[in-house]
Amino acid sequence: MAGTETMVTARDVTKFYGLHRAVDRISFDLHPGEVLGFLGPNGAGKTTTMKMLTCFLAPSAGSIKVKGLDVSEEPLRVRQMMGYLPENAPLYPDMTVMGFLRFCAEVRGITGRERDMRVSRSAEQCGIADRMRDPIGILSKGLRQRVGLAQAILPDPEILILDEPTSGLDPNQIVEIRGIVRELGRTKTVILSTHILSEVELTCGRAIIVNQGKVVADASLDELRSRLRGERRRYLFAVGPGAGGAPPAEAYVRDRLKSLSWVEDVAPVDRGPGEPPTWAILAGTTNDLRPELFRLATDQKWSILELHRDLATLEQVFLRLTQEDLEPLPGN
Amino acid sequence: MRTTWVIGKREFAAYFGSPLAYVVTSIFLFLLGLFFFFGVFHQDVGWPFYVRKVASLDNLFNGSQLLFLFLVPAITMRLFAEERRSGTLELLTTLPVRDIEVVLGKYLAAFVYLLVVLALTAPFPVYVSTLGKLDWGAVAAGYLGLSLVGLGYLAIGVFASSLTQHQVVAFVVALVVALPFFFLHKVSFLFGPGVGNVLDFLAFRPHFDGIARGVLDSGDIVYFLGVSAIFVFLAHRLVGSRRWR
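Protein chains in written order, with the numbering used here: chain A, 1 to 332; chain B, 1 to 245.
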């Protein structure tokens, strides 16, 4: 990204609602072409930040610049460059899809043939070309979300800001919307907020994790994943009887596991009826314990039913960063 | 300016998308008909048409002003309250538009809608003109006055709607704020000449009467435009205030 100008520069952005500090000195830079995931639990300040980026709310302190223009001083020019999908895609229910998209185009000064061309192109891109004559009020949540998205991409903006584009949708709709967002991310700078981790993993190149109004992590997904490698210390382990033998006593298995070096904690995991007793093992090392566990089982003539090292997921980093009082990797 | 027009166009079309406008307009026209033919025995609304036996639209103009107190808030209550409630205000104001363009667009739409309602009262003058010699100049002056009165009440209604996300609250606030402008001239005598004159000046009615008499005093017109401008300005500030809350 060196040599390219920054698209968005946020510096110490703070927002108070009354006495409540919803956003607390958030700073970040966004470069052209990046797809940034704004990740955080509900109430972390994601939506407030989006609203400040689009000049709907003014920051209580700090500054936001979009391509060098301050959002408070040049709100119109900043909005010209932006497409915005607010949370829950608020739309006019009494308008038809076509009427609504045309309205959005005209407000932006796009008229005539140009307007019709852009309306049909963005409708096609969002897969609503066959619903143009329907009133928005009768559309499903997923379709409404697409109409909102079509509205956002209609002016061919340099920056797209999408506030929880997949919230409240069913799994199929989520996959579809993500596909559209990924497609858009190839050519545009995108900021999307979500509390769903897999969404960031699937659509974004970079994530900012916010909690209680503060940035707790700002890194590319690759960096976040490599950080996670150090976190892969949890194993799931289940054994059954060896050939012709009786099932091993639970207390005995636990003692044997505990006697292994590097094992810090062993806890039973309830997997539901019909499942063998399963253990969650927390290792005191980041080295792979699986060979050790395998040897233990063969020495004891147990048959291994399950041996699994927890995958590195964003979820763990997320939980770590957003819950200060989290116990060290609980064994369920 | 163009943006104002685009927003106004959408807003105007929205009136015909909801049953409320039809219901309110029908009730207005129905009650106006009652006032027109039967009057109510009250100095502001006049005597029954068949008693007065004068080819004039006084009853229509009197009745309209009373009914405007309810009609206008019903027309304007939706404008901002509904958009706040449904969240579309965020969508609209994050498009590259100025707040004032949004306010003026909605105000314009409401005014054009009111003109449509007034146009629907056309059968009354047509009917009267078949009974006697109607002074069309007075009719035109009366309608101009009515439009200006409407413009004032509409501005109050837009202001009230920008205060809240509840349409009912917007309606009540608009009615309460409009009420003094409706009756102050009637109580002015209680306050002696000094304050009384001020109250007379503040009320809509004396200014309407001036215009309806056919005296196109620029003062009266400026008065209505001034009152409207004040409330539109307040609405604009209120819509903008969301940024700082």
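Source of the hints: derived by calculation from the structure; they are not laboratory data.
A few of these clues could be false.
Stated by the list, open to error - No more than 25 Å apart at the CA atoms, straight line, and that leaves these computed lysine to aspartate or glutamate pairs for DMTMM-like:
hint, chain 1, residue 1, chain 2, residue 2
1, A, 67, B, 99
2, B, 9, A, 158
3, A, 65, B, 135
4, A, 65, A, 158
5, B, 9, A, 114
6, B, 9, A, 106
7, B, 9, A, 116
Keep in mind that this is a model prediction, so the values were computed, not measured.
Okay, the hints, checked on the actual structure:
{"no.": "1", "hint": "A:67 to B:99", "result": "holds (23 Å)"}
{"no.": "2", "hint": "B:9 to A:158", "result": "violated (28 Å)"}
{"no.": "3", "hint": "A:65 to B:135", "result": "violated (63 Å)"}
{"no.": "4", "hint": "A:65 to A:158", "result": "holds (14 Å)"}
{"no.": "5", "hint": "B:9 to A:114", "result": "holds (20 Å)"}
{"no.": "6", "hint": "B:9 to A:106", "result": "holds (11 Å)"}
{"no.": "7", "hint": "B:9 to A:116", "result": "holds (18 Å)"}
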